[in-house]
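Peer 1: Sequence:
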Amino acid sequence: MAGRIPQKFLDDLLDRVDIVEVIDRRVKLKKTGKNYSARCPFHEEKTPSFSVNPDKQFYYCFGCGAGGNALGFVMDYENVDFPQAVETLASSLGLEVPREQTRPGSPQPGREETGKPLYALLEQAARYYQKQLRSHPEAHRAVDYLKQRGLTGEIAKRFDLGFAPPGWDNLLQALGDSEEQRKWLLETGMLVQNEAGRTYDRFRDRVMFPIRDQRGRIIAFGGRVLGDDKPKYLNSPETPIFSKGRELYGLYQARQANRKLDRVLVVEGYMDVIALAQHDITQATATLGTATSQAHLERLYRLTPEVVFCFDGDAAGRKAALRALEAALPCMEDGRQARFLFLDEGEDPDTLVRKVGSDAFRELVRRATPLETFLFEAVSEDLDTTTLEGRARLSKLALPWLRQLPEGVFRQLMFRSLAERTGLTVAELMHLEAPPLAPAPGPTNKAPGEQPEGGGPKRRNPSGRAPLGYSNLAQAAIALLLHQPDIAARVEVAAIAALEGEDIVLLRELLALLQRRPDSNTAMLLGHWYGTPEGELLSRLAGEERLIPREGIEQQFIDTVEALAQLPQRSELSARVDKLKATNYAEMSEADKQQLRDLLKEKQRLDEARKKRQP
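Under my numbering, the first residue of the sequence shown is numbered 35, with each subsequent residue one higher.
Don't take each hint at face value.
Below, in silico cross-link-like pairs of lysine to any residue (SDA-like), each with a Cα-Cα straight-line distance of 25 Å or less [as the list claims (entries may be wrong)]: (1) LYS266 / ASP203; (2) LYS294 / ARG333; (3) LYS266 / ALA354; (4) LYS217 / THR233; (5) LYS264 / THR233; (6) LYS266 / GLU332.
If you're looking for bench data, these hints aren't it; they were derived computationally from the structure.
Work the whole structure out from these sequences, hints included.
Peer 2: Right, dumping it as structure tokens:
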């Protein structure tokens, strides 16, 4: 029967089945402590690394990264699609699967798409935009803009810049000559269809920046407006071949220009990447409208030992730097470096490199602030570490950050540095640190499941390494929620309402769901996001049990959310205070003096409020 399976039925189904029984009927399990273990059915191994948690109703393999709930296991083990797996589990309980009516053409769970025609179509779109930049009657406006930004025709050609002419259906008329072509243009986000059914070009009257993946294939576009439309910069939406949380603009060109990347500079925009390349600084790349993620950094660290983040020196730049710091910490295996370069207010890499030249800019990059310096400066801001109270507060604020570091020499050195700053010993800090256990060997990156000849479980490649730990504080809070869902009642969603980022959004959705349905367990949460990138993240976090403290989960969750909630408010307030403090007090106007007094009072109020919240 056609139609979508209701989410409530899926949740109830997962609540009724026993994952141990489901798996044991297919793979013989052995009781090992509170869990069950076996040799993983999804890759060859000599010693068991496949674990099943009966309390939380999920499985995880530390050898190949396979993980999920009972539904996911049946799909992968029996090589069936999502509806078939639901039918299998439902029939084992004597249940009939209900269906909801869906709109024609809406995607069904488990649908797989090939990207080949999409890549080919986007290449055609890029060539179309390049042609318009050369020959369209309005192209002079785009050319004038690029010249004003100091770009040459050679650099524009190197990055395949183009022009989307004004008008509603130029691309549609040029490439949408069949129903199938129009469907693919919609699927790649190049066309938009409104509620009235009208189809039109997404990019209009914009300079176009093709976005290439690491293999050089065009997967999306960015566009800078020439008129008064908003937003100023517009990116393609998420598509089957484009995930903005994983891709980096300019990385393909950087690899083409450098046989070996000694360092990579992460900047904030397309024009920064291109302007730096024109000044022979060819190691720059930019995120695509998102904060730097751990996925970004793992990709970069496979290519280079050092990443330098470049931000504006204002409050927004400081917030972005803190998010980058969160993402970088779990990636800091021994031998890797991260630095932070803050530019003067009003400057960006594009303007600065044209002002000071390539050599001076390279020297600024070389002298950028090391990660450890930036971290301790950020957490000790506004603290008087000459007092016992200030040093105690420093240890409380720093530990959630240091917990994200993977095991190794750098982690030990960071704890030693914190010990020197607080007057504690490393052993005392380790005793305070939660969790007390060392991180488990991380799961490997999943390879796409391949169905062996004759059927059978999907096979996975156990080679390689996946990231250890959590990529940021939000993921740490999510992991705690997965292991003890009832702690969601201890915090308010509003506490993190102002924060941005994909993981923050997921944390808010988890909190809202758990507060709306407090009876939800781990398996239900995994099922709720099954088949999505968020579901893959939840499965990985649920599997990292050794990173969870044996006790005190509730308090650690409250502390972690508190640390998240304080980041933007403290950063913005401190930046405003610093700006006023930089002015000679005697030369301040009475209004500025009063503003400084008010800001200092507000900081004092926040500090007192934080002290009251401490246990």
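Peer 1: Decide, hint by hint, whether the structure agrees.
Peer 2: Hints versus structure:
Pair hint LYS266 plus ASP203 holds up; C-alpha atoms about 20 Å apart against a cutoff of 25 Å. In summary, the hint linking LYS294 to ARG333 is supported, as the alpha carbons are separated by about 15 Å, within the 25 Å threshold. Taken as a hint, the LYS266 and ALA354 pair is honoured in the structure, with Cα atoms around 19 Å apart against an allowance of 25 Å. Between the alpha carbons of LYS217 and THR233 the distance comes to roughly 11 Å, so the proposed pair stays at or under 25 Å and holds.
A C-alpha spacing of about 19 Å is found between LYS264 and THR233, which places the hinted pair at or below 25 Å, so the restraint holds. Taken as a hint, the LYS266 and GLU332 pair is broken in the structure, with Cα atoms around 30 Å apart against an allowance of 25 Å.
Checked against the numbered hints above, the structure violates only hint 6.
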